[in-house]
Amino acid sequence: MRKVLFYVPLVLFLGLSLFLLSGLFSDPRERDAVMVGKPLPAFSLPDLMNPAQTWTPDALKGQPFLLNVWGVWCPTCNAELGYMTQLRNEQGVRIIGLYYVLPEDPMFGQVFNLPVLQAEVATKLQQFGDPYQFNILDQQRRLSLDLGVSGAPEHFIVDAEGIVRAHHIGDINPQVWRTKLAAVYQQFAGGSQP
Amino acid sequence: MIPELGQLALTFALAFSIILGIVPLLGSFTANERALLVAKPLASAMFVFTLIAFCALSWAFYHDDFTVLNVANNSSSLLPWYFKLTAVWGSHEGSMLMWVMILALWTAAVGFYSKGLPLLMQGRILGVMGLINIGFIAFSLFMSNPFERTLPFFPVEGSDLNPLLQDYGMIIHPPLLYMGYVGFAVSFAFAIAALIGGKFDSTWARWARPWTLAAWLFLTLGIMLGSWWAYKELGWGGWWFWDPVENASFMPWLVGTALIHSLAVTEKRGTFKSWTVLLALGAFSLSLLGAFLVRSGVLVSVHSFAADPERGVFLLIFLLIVIGGSLLLYASRMHSVRSQARYEIFSREVMLWGNNVFLLTATLVVLLGTLFPLVHKELGLGSISIGEPFFNQMFYYLNIPFALLLGLGPWVRWKQQKAAPLLKPMALVAVFSLVVALGTMAATQSITANLALLGLLLGAWVGVSALMEVYQRLQQFGSLSQGVAKLQASHYGMTIAHIGFAVMIVGIAMTLTYSEERDVRMEIGDRVVLAGYEFELQDVYKLNGPNYGGEAAELDVRRIDGTYVTHLHAEKREYTIQRMMMTEAAIHARLSRDLYVSLGEALPGNAWAIRVYVKPFVRWIWLGGLLMSLGALIALLDKRYRRKSPNAEAAHA
Numbered sequence: 001m002r003k004v005l006f007y008v009p010l011v012l013f014l015g016l017s018l019f020l021l022s023g024l025f026s027d028p029r030e031r032d033a034v035m036v037g038k039p040l041p042a043f044s045l046p047d048l049m050n051p052a053q054t055w056t057p058d059a060l061k062g063q064p065f066l067l068n069v070w071g072v073w074c075p076t077c078n079a080e081l082g083y084m085t086q087l088r089n090e091q092g093v094r095i096i097g098l099y100y101v102l103p104e105d106p107m108f109g110q111v112f113n114l115p116v117l118q119a120e121v122a123t124k125l126q127q128f129g130d131p132y133q134f135n136i137l138d139q140q141r142r143l144s145l146d147l148g149v150s151g152a153p154e155h156f157i158v159d160a161e162g163i164v165r166a167h168h169i170g171d172i173n174p175q176v177w178r179t180k181l182a183a184v185y186q187q188f189a190g191g192s193q194p
Numbered sequence: 001m002i003p004e005l006g007q008l009a010l011t012f013a014l015a016f017s018i019i020l021g022i023v024p025l026l027g028s029f030t031a032n033e034r035a036l037l038v039a040k041p042l043a044s045a046m047f048v049f050t051l052i053a054f055c056a057l058s059w060a061f062y063h064d065d066f067t068v069l070n071v072a073n074n075s076s077s078l079l080p081w082y083f084k085l086t087a088v089w090g091s092h093e094g095s096m097l098m099w100v101m102i103l104a105l106w107t108a109a110v111g112f113y114s115k116g117l118p119l120l121m122q123g124r125i126l127g128v129m130g131l132i133n134i135g136f137i138a139f140s141l142f143m144s145n146p147f148e149r150t151l152p153f154f155p156v157e158g159s160d161l162n163p164l165l166q167d168y169g170m171i172i173h174p175p176l177l178y179m180g181y182v183g184f185a186v187s188f189a190f191a192i193a194a195l196i197g198g199k200f201d202s203t204w205a206r207w208a209r210p211w212t213l214a215a216w217l218f219l220t221l222g223i224m225l226g227s228w229w230a231y232k233e234l235g236w237g238g239w240w241f242w243d244p245v246e247n248a249s250f251m252p253w254l255v256g257t258a259l260i261h262s263l264a265v266t267e268k269r270g271t272f273k274s275w276t277v278l279l280a281l282g283a284f285s286l287s288l289l290g291a292f293l294v295r296s297g298v299l300v301s302v303h304s305f306a307a308d309p310e311r312g313v314f315l316l317i318f319l320l321i322v323i324g325g326s327l328l329l330y331a332s333r334m335h336s337v338r339s340q341a342r343y344e345i346f347s348r349e350v351m352l353w354g355n356n357v358f359l360l361t362a363t364l365v366v367l368l369g370t371l372f373p374l375v376h377k378e379l380g381l382g383s384i385s386i387g388e389p390f391f392n393q394m395f396y397y398l399n400i401p402f403a404l405l406l407g408l409g410p411w412v413r414w415k416q417q418k419a420a421p422l423l424k425p426m427a428l429v430a431v432f433s434l435v436v437a438l439g440t441m442a443a444t445q446s447i448t449a450n451l452a453l454l455g456l457l458l459g460a461w462v463g464v465s466a467l468m469e470v471y472q473r474l475q476q477f478g479s480l481s482q483g484v485a486k487l488q489a490s491h492y493g494m495t496i497a498h499i500g501f502a503v504m505i506v507g508i509a510m511t512l513t514y515s516e517e518r519d520v521r522m523e524i525g526d527r528v529v530l531a532g533y534e535f536e537l538q539d540v541y542k543l544n545g546p547n548y549g550g551e552a553a554e555l556d557v558r559r560i561d562g563t564y565v566t567h568l569h570a571e572k573r574e575y576t577i578q579r580m581m582m583t584e585a586a587i588h589a590r591l592s593r594d595l596y597v598s599l600g601e602a603l604p605g606n607a608w609a610i611r612v613y614v615k616p617f618v619r620w621i622w623l624g625g626l627l628m629s630l631g632a633l634i635a636l637l638d639k640r641y642r643r644k645s646p647n648a649e650a651a652h653a
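Going line by line, the protein sequences match chains F and U.
Counting from 1, position 125 in the first sequence corresponds to residue 125 in the UniProt record's numbering; the numbering is continuous, with no gaps.
Counting from 1, position 330 in the second sequence corresponds to residue 330 in the UniProt record's numbering; the numbering is continuous, with no gaps.
Derived by calculation from the structure, the hints in this document are not laboratory data.
You may find that some hints are simply not true.
[What the hints assert, rightly or not] Taking lysine-lysine pairs in the DSS-like style, the calculated list, with each CA pair at most 30 Å apart, reads:
| # | chain 1 | residue 1 | chain 2 | residue 2 |
| --- | --- | --- | --- | --- |
| 1 | U | Lys-542 | U | Lys-268 |
| 2 | U | Lys-486 | U | Lys-639 |
| 3 | U | Lys-377 | F | Lys-180 |
| 4 | F | Lys-3 | U | Lys-199 |
| 5 | U | Lys-115 | U | Lys-424 |
| 6 | F | Lys-38 | F | Lys-180 |
| 7 | U | Lys-268 | U | Lys-424 |
| 8 | U | Lys-199 | U | Lys-268 |
| 9 | F | Lys-61 | F | Lys-3 |
| 10 | F | Lys-3 | U | Lys-268 |
| 11 | F | Lys-38 | U | Lys-199 |
| 12 | U | Lys-415 | F | Lys-3 |
| 13 | U | Lys-418 | U | Lys-268 |
| 14 | U | Lys-486 | U | Lys-415 |
| 15 | U | Lys-268 | U | Lys-377 |
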């Protein structure tokens, strides 16, 4: 028994090195999509352009869609608007925006001003293209937090039942769409798209 | 030409390390004296050639030789000469070469100072060091060659040194840290040599002690300097971030601290043998693990070098051989070793056992906190992160019993201690520390804060106890003046190091409790009041550095009553080649508090975002670290480590 005890450090070390080995071949910055396979978290948020309209998970159901977390303050988000518009026009992808409002700092004279924001958004969409069916305004960033968003842009593919099927961190470009997202989207869209 | 000479020198060093790793070790089994005698000159030769290689790389950096890839990637002709030289260890390749050079330096030093060792032991220790050297020199030469050329198409200008590293801290922080990391290789080699020989008398512990102390001294200084550098350079007033790489340096430090104490038991009492050997293996193993974590890219950290799985695989195999091999040897040899000495439950032995338990628990906390995210993810359970709150809370709980024990430990005798004689002095210590703690709280007019009071109490307990213990010890020599001369240097060292720990606890508790900070928008002429100080922004103007531009802010600081305190100069630099922003915080340091200002973004309307901190007692954290290092230095100078052992003389005769 006493003899076995002295092998404990060795066994522990060998166990640890297994993890180190597998850790070598995976990217520590990569996040597993914890949302995948789960329904959208509950929310009730206004429409960005028409605040009288309120969106809930149930209101989005019926057809799969691509949920795009973005903001005019994010250059990459603006840059991908063109390709997403193309996706919408050519492949009929339903794209819904989740508008991420940056925290404002009253000390520096920043206050939330919806008309100004709407004007900024309209300008950007005019300039780069408008892929959105509509935009949900996440002013308190509660929904983004629940979804595990770590930055913008991020994308979720949500099926007709409101279940998240894919999570992509970063922009969408032709390659990302082809290799990572198109198959998932088409699977849940019933393969009817060309 | 010079870089090629460097590479050639490194190749020679590899050859020497291979001979060193084979010949004396084999000689030690056949009792071949000639084979054992070559160890020392081989160690020196290996060091000389790694030094040549290191100088060759430094030469390339100094002369802006952009035909060398490493120089082109990490230096520029605009850098001042001293940063060109520090850029040598600013990259993975260069720092690896420095690591190799320092490892060879320790090896040569062991050879140089090993006159007191029996020849057999000397040959085995140097042989083991040689084996470790083989791995690192080969890694440097084959996996991360610092001398790689960019020919035939070389750039006319380099891409500059990362601006974070263009700081005076960079000149000595990495060398000190590496001296510490690599220094534990010596304790490791001593342990392996003892394992091979199967002899665990107190002599090996006495030989290993000064080397362990030396490595620990460098590591402590290195970590302290890194903490101070982060505080000053990152611009948000933090001094420890629980970053994976900081943790990687903290783990060998904790185990090294445990090892120093455990070695004392093994030397003086001949017990804790298997435990001490395991700690000696553990300290260096954790250094290696740290090197792996930093250089393989398995963890996300501000310190990481560019990741390359091939390098990671090489290092992991090396880790398996060195750590796995040594633990296997440990398991197969150590189980038959039994300690003879007896001791009671209340004795110095048990006190030091307690020290080890707490230090090892702390190591385990850090190890788990650092690696758990990796394990969690590899098990397919998703990404998580473990941050400051976890570590802070765990260390908060661990520190209370640890400090209480530390105050009591030095009073307790070896073998057995009756409780009664200690009651009076410990009660005195308790009363004094209460007075000191409450007195300080009263002087700073703040009685409410729990953490600060706890920190002061624990700090005073440890500090007062250490002072009274040494006073009582001195009196035992008859008169005080006789005692001062007669008390062993290592005892003074212990006392100073323990006081250093007390100072650090106080610093941490006070800084955590009483720091104040504010982010403000300031125009020129604006004032902001924080913790009784009034900061006035006087001017902001453009900067023109050799390789950076940016802005500088000038502030005056006054007390509320209007007395002038100081003038502060904060900079926000933009490094032109790397296009990186750096804050150079303005700091006015006093023992009781730091005033800290960092300049942020320009805001609309001719204003700037400015961050102001007042951090009480923050200097005490580093002062405590310095005192601990000083303690180690004094203990290192103890005469008995330089006495020849009788059997060594016999071996030479």
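Exercise. What hints, given by number in increasing order, does this structure fail?
Worked result: Checked against the structure, the hints that fail are numbers 1, 5, 9, 11 and 15, while the rest are satisfied.
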